[in-house]
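Engineer: Taking the hints into account, I'd like the entire structure generated from these sequences.
Read left to right, the sequence shown gives residues 19 to 745 (the working numbering).
Across the chosen pairs, the derived CB separations fall in these ranges: (1) ALA435 with PRO282: 27 to 37 Å; (2) TRP99 with GLU62: 15 to 25 Å; (3) ARG218 with ARG113: 15 to 25 Å; (4) ALA435 with HIS197: 26 to 36 Å; (5) GLU465 with ASP271: 14 to 24 Å; (6) ARG213 with GLY129: 24 to 34 Å; (7) GLY129 with ASP271: 58 to 68 Å.
Worth flagging that the hints you see were computed from the coordinates, not collected in a lab. Beta carbons: idealized from backbone N, C-alpha and C, even for Gly.
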Amino acid sequence: MTLPAAPGALPAALTSTGVRARPAHGPVCSVAAPCTACAAADGERARGLASLRELVAVEAEPLVVLTHLLRLCRDEHTTLWEQIADPGCQALSDRLRERSRPLAVTASATGVLSPDLRAAMTDALAADGPVPPVVVAHALAGLVDSAFAATFRESFRRRSPYRPGVGDPIPVDSPDPRHFTDVPPTSPPWRLAQRLDETRHVRLAGSWAVQFRIVFDYSLSATLAGLMGPATVIATCHPNRTLDELDLAPSRDGRAFPVGPADPAAQQEQIDDLIATAVAAGADIVVLPELAVTPEIAAHLKRWTRQHDGPRLLVAGSYHAHRLSDGVLRRSNTAVAWAAGRDEPLLQDKHSPADRPVQEDIQPSGWPEVVIHVTDEGWHLVLAVCRDLLNPHAVHALGEAGANLVLVPAMSQSLLAFGSPAAQLVGSCQAVVVIANNPANWSTPAEGPVPPPARALFGHPSFIRQTRSLHAPSDGPGVGLLRLGTAQVSWLAVARPPARLTHPTAGAPATPCQPATGSDPEAGPATGRGIAARPAWVRALAPLTPAARGITYATASCSGDHHLRSAAVLILLQPGPDGPEVLLTTRSPDLTHYPGHLAFPGGATEPQDGDATGTALREAAEEVGLDASCVEVLGCLPGLADPLARFLVTPVVAWTPYARFTGRVSVAEVSEIAFHHPARLLAQLATTSDGTDDDGPGNQAGPDRRPRVGPMTMALLDVLAARLTRS
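Structural biologist: Right under this line is the structure:
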């Protein structure tokens, strides 16, 4: 499909250079007189150049003129490649371009090519000039691009939805990473190399436009304005533990359709819990996994984008359904996304069926359509479904089309194969790639235990290796977080809250927790829907700890002039599927003390704290963004000395029915947040040589990584596990 005619455009017969590439035997014939093929090619080039000059003389739209200049650069790439580096050609083409620059600057204010500028460009493209016309065309293309780049977006917007054909222009106006990340990004591709058929903002579509129906959609350009910035948080939600929670029953021929949650009602409740946690952590974009929803659940999730404090973009995973495509009712795997301020969903069909854990019985189109949603800042948003990102032709098309925000619902036994295509997009487009995977455990009775896959995979221009996998310490539901500005990745384990912890109705903001009131010993913190009842283990644990309120600080003296500063840590417990779980952070790897170790949130006392509880809650809010209003303090354990950091630490024990993280995470101190089952963690630590000094990497507790803890954290975990066992 050629570039659609714009107002004032020339007829099709005059809007094509008509130039073909030179014959394979080269630009110069080996005989004294040119052969028939060379003579025909020279005549064709002359006619093409004459058509180009005619077009430039009358065409006022910058994008149309730029397109035909780039087509000449593409068709005459052999001559251009040979001559563009020649100092003489460069000097002459620069002089010709500089003569036109004042006219271009003046005309750029109007947004169209003025008659004087068009005349100057036409003269510069003379066939008998001292510089090959293709070299001049390349220089003029750069001039038009730099002077009129601001007009290209509106030119494309007028043609939206715009489906380019081979040789048609496509926008490549990607945002500057320095505007959305505080971490130094990798070098942008256009600084490392630039093709001869593109400028800084426009590229010609190649043969990939025949393999895939790439559609540029500008309908969300204003709606999604400001979506990506330094404060943006992208969350992935992971609802399922095992394959047993999904309905995978195949038909007689071994193929399965539809695949979805085995218990849709429970799945919807779990997903609502996860999204609530993501929103409380500041998520602007939420991505759910593949086949984690039904059409009804996907429609239900729209309400989250209608809340004033909800996510601006919610990719509600994908579902199996019969859908009309190209006039045919097909079995499809359709990804759906909801954008705040838009009633209609964004849809993307999967075109590469899965073969594990069952043969996916879908009917993809023979000419797959890929919609690219372009924002005013130059973000090219694309939805891809799982294995579609493993199709090298599809990844090449996405890279050529400038896809730089790729959101991928996935259901895969391993994300290892996704690392390469994600890294390719980061390298070629400085893309942000987010892959949400599900379920956590793929072990089956037939195949036995299998290594758990990564829960999510992120690509970011500031990652040294382009991508980073996110492993969780357990197979429970949770939320993965990518903070765009700092490139920090973290994990929040989420246990399903009690029934009283419900979610806001459509259009209503989330109700913050309030401190518990009254003196009912059976009551816990309020949840905004009533007072949460204490679990049995909380009621049994509370009498074991002395009162925390009113404990004041004093500097402890060890001997001589060696003093320990007062500090406190928060031991926060939350109900989990297998009993209480405790909040632990993974300390940043560049800290002086205990880098990469698991630790309780906490720190040194400040004058305004007043007591140990004040310090513990303040530090938890500063480090992990914990909302203290949902926390009930139970008491304190005896203080412990940390001679390495020179602190006398008071452990403050508390519980919450449902932890909420409403503040920002301190990336200078914390690289990961998760709830751990104390006994299970101690058993894992016992597999190391001494439990406290594992030589393996300590920045993440993945399936092949043993966590590291300091001696004080180990001692507190021992005490906590013992008391919970007795309770």
